[in-house]
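Protein chains: 2
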Amino acid sequence: MPDVFLAKGTRDFLPAQMHRRLAVIDRVRAVFTQFGFEPLETPAFERIETLTGKYGEEGQQLIFKILKRGEGGETGGCDQALRYDLTVPLARVVAMNPDLRLPFKRWQIAPVWRADRPAKGRFREFYQCDADIVGAEGPLADAECLAVAAAALTALGFPAYTIRLNDRRVLRAMAAAVGAEDREGPLLVAIDKLDKIGVEGVSAELAARGFDAAQIALVWAILAPQPDNAAALAALTAQLQPRLGDRWPEAEAGIRAIAEVAALAEDLGVPPGRVRIDPTLARGLDYYTGPVFEAVVEEPKVGSFAGGGRYDGLIGMFSGRRIPAVGISLGLERVLAVLDERDRDAPPPTAAQAIVLVWDAARRGPAIAAARSLRAAGITADLFLGDAAFKNQLKYANGRGYPFAVLVGPSEAERGLVAVKDLRSGEQVVLTLDQAADHLRAARAAAAGPLPKPGEAR
Amino acid sequence: MPDVFLAKGTRDFLPAQMHRRLAVIDRVRAVFTQFGFEPLETPAFERIETLTGKYGEEGQQLIFKILKRGEGGETGGCDQALRYDLTVPLARVVAMNPDLRLPFKRWQIAPVWRADRPAKGRFREFYQCDADIVGAEGPLADAECLAVAAAALTALGFPAYTIRLNDRRVLRAMAAAVGAEDREGPLLVAIDKLDKIGVEGVSAELAARGFDAAQIALVWAILAPQPDNAAALAALTAQLQPRLGDRWPEAEAGIRAIAEVAALAEDLGVPPGRVRIDPTLARGLDYYTGPVFEAVVEEPKVGSFAGGGRYDGLIGMFSGRRIPAVGISLGLERVLAVLDERDRDAPPPTAAQAIVLVWDAARRGPAIAAARSLRAAGITADLFLGDAAFKNQLKYANGRGYPFAVLVGPSEAERGLVAVKDLRSGEQVVLTLDQAADHLRAARAAAAGPLPKPGEAR
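From first to last, the protein sequence lines are chains V and C. Per the working numbering, residue 34 is the first one in the first sequence, and the count goes up by one each step. Per the working numbering, residue 34 is the first one in the second sequence, and the count goes up by one each step.
Hints in this document: simulated from the structure, not taken from any laboratory. Do not take every clue at face value.
Since the list gives no way to pick one copy over another, a pair counts as held whenever it fits inside one copy or between any two copies.
Below, computed lysine-lysine pairings styled on DSSO-like, alpha-carbon distance capped at 27 Å [as the list claims (entries may be wrong)]:
{"no.": "1", "residue 1": "101", "residue 2": "87"}
{"no.": "2", "residue 1": "226", "residue 2": "101"}
{"no.": "3", "residue 1": "153", "residue 2": "101"}
{"no.": "4", "residue 1": "424", "residue 2": "101"}
{"no.": "5", "residue 1": "101", "residue 2": "41"}
{"no.": "6", "residue 1": "226", "residue 2": "486"}
{"no.": "7", "residue 1": "87", "residue 2": "41"}
{"no.": "8", "residue 1": "153", "residue 2": "41"}
Please model the entire structure based on the sequences and the hints provided.
Shown next, in the form of structure tokens:
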């Protein structure tokens, strides 16, 4: 066989995986729609100047550039590149469409590309799944993002989540309070690792970055765990207000914002107790300006499933006028990895509920008629199209995981009937075509899909 | 405003267009599924050697290459490129997955990229919409492709189509019969233009290519229009058999194949008379080996909407063993252009059926509660998230095209009721939240979507 390979860091999704991917995407899309988000699609590639300068230097390295092509062949150079995320293209769309009515709520579920070093679970092509609200200032828009993420996680069968909530202004205030305004970046990078390396690890990293013992002690005093949101808000006020002087109003605005976002998220349907104000939540992206949030799934223990925040500066970089924005990104690939793992030993899902087998060449006619009739009745029915012997067709049907096979043997063909064989139990019933469609419809209604039924967690 | 542009030849799809795109994609996907095709997804880019040498020299020019990236930056060179179609990646998948059970029926609806010179209606990124059957030899698989295309066209509301059917072996036989075996390519290229330049144009082109008058006359004798399929088959036999000698069996196999495909397509549900055997159908792609087909929509007059054929050689180029294949590609972008044109003056479709407006800050609570309650009841409900005055919210709601606004003014708030305002008629009713959900649900059931309802043409 000739050597044939995928491009480095990319994947094919074969049908069994695709059924799960499509089920997840459909479900999330339905939730986004329920909340009034509208679909948007942008091209896979953008002009290079649209993408550069938006992601910091590290991001810059990860952009896939596309070779420019002249009329007669390669002229060298690059003026476009594959998108790296869905947020910068959204900002470009808003700038290019000044007539767009704001607030503009959009969802986009689409692949992005990063020239990252491939590793286990890290790919060069992966889906992002974003819902953003452009043109709304207030905490209600932030809360809507929390609510839509919570609804999506519930719809996907992961109801045991917590949403961590913080505000970029609180983090900036903390840097000021410990006398490290000029080192806010390193401070946040260290704190962001708390889950992974613990208090001691973060302390060591801060020390290595030149924070002294008093500063480090103060950081932990500000970040001390609190029993509930009210206590967390009170503690932040108590710690920050005396230390900030005329910088206090900005910190206060951040504290007030997260208090409001938490309350409004509950009003919008996030169950009580799920939103946890957590001043240790830093989140990496430079462009956040206000509340930031992250949904963590506890059971199964899979970590961050969604994250986002307010970014009031990014769109203005394109449009030349300040336009506030807030968004949430769902970790679709992580959801899918968990579902793939969970369903590893389940029978492969198939598109078709039944396959019509061809007994022999003389009975091809009734088999075709059966497939046609079942399809017309709304049953997803495959038809065996090869020329294998009947016994091998049955093997194929079993191997492919079809729940049912429909057979038209000589005695059925004579009487205008079909045999419907349950390939899992082996049971077989002889029916008219109308009865067969009813039988298969009833079986489909009872079957479990790749996701829990709406409203049912499992 | 800073200059912000799309990459050349690319498009954004804003919500109004996206609603139509998603409706069309969902509908086609449902038809593919109905027929037992399974979903497959391949990466946007492939290794260059996977793509090269499969599309002829012209195609080669149109491949977007991606710059290679080393650890520390650009190292120059390219080893991957954006996919140009969905067929070559399918062939690679089959070669890389020798355990795949054949026949393998897959659909894929996804963008492809071509470095074409942009022009009206020609883009560098566009969707292909393919259904292919890999590993089945017979005419039944070809007929299944015709049947699924016919079902898709009907489902999309274009029931007035004809499917032209020919066989590559018949075309080859014609070249041999006119003594131009060595000029089969130029002969087919000229015939392919018949729709555009007519008999005289094609004759002139053939003369320019060195065909003499006797040869040209014979071409038209072979291609003479016939009243029906039986006559077309008889005429081909009468014209070709006496002229081919020991090359006749191959031509005969082609003639027999299209006769069988036409009959089996009817058995599979294509309405009688829709499949038209047409020896002038050439279709461009080099890789076809057997039956070729093209669905043309007569009303509205929009030309070729789907095309495909059998390509028994392509997969073997990757897998090293001959694996037959046949497929059909639906012209999704053309369908969408027709729908965009048809619906140009229709109110913009929105995801949400209603928007809940916020009367004033004091009534934000009941508005939030209304949005939450309607969403929980399965209504797609937006909530106004900005801080505009009520009057401007109403303007926004009208401009965005929401069918309904839900208002909670002081008197409604006091009584625990909401006002549901039909934004098209202006009518307003005051209801409980449960009644409001029922009211909106009933209105939704009655509303027309961007596509005809299944089973209903318009």
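Hint check:
| no. | hint | verdict |
| --- | --- | --- |
| 1 | 101 x 87 | both (22 Å within a copy, 21 Å between copies) |
| 2 | 226 x 101 | neither (40 Å within a copy, 32 Å between copies) |
| 3 | 153 x 101 | between (32 Å within a copy, 21 Å between copies) |
| 4 | 424 x 101 | neither (55 Å within a copy, 50 Å between copies) |
| 5 | 101 x 41 | both (22 Å within a copy, 11 Å between copies) |
| 6 | 226 x 486 | neither (37 Å within a copy, 53 Å between copies) |
| 7 | 87 x 41 | both (26 Å within a copy, 21 Å between copies) |
| 8 | 153 x 41 | within (12 Å within a copy, 35 Å between copies) |
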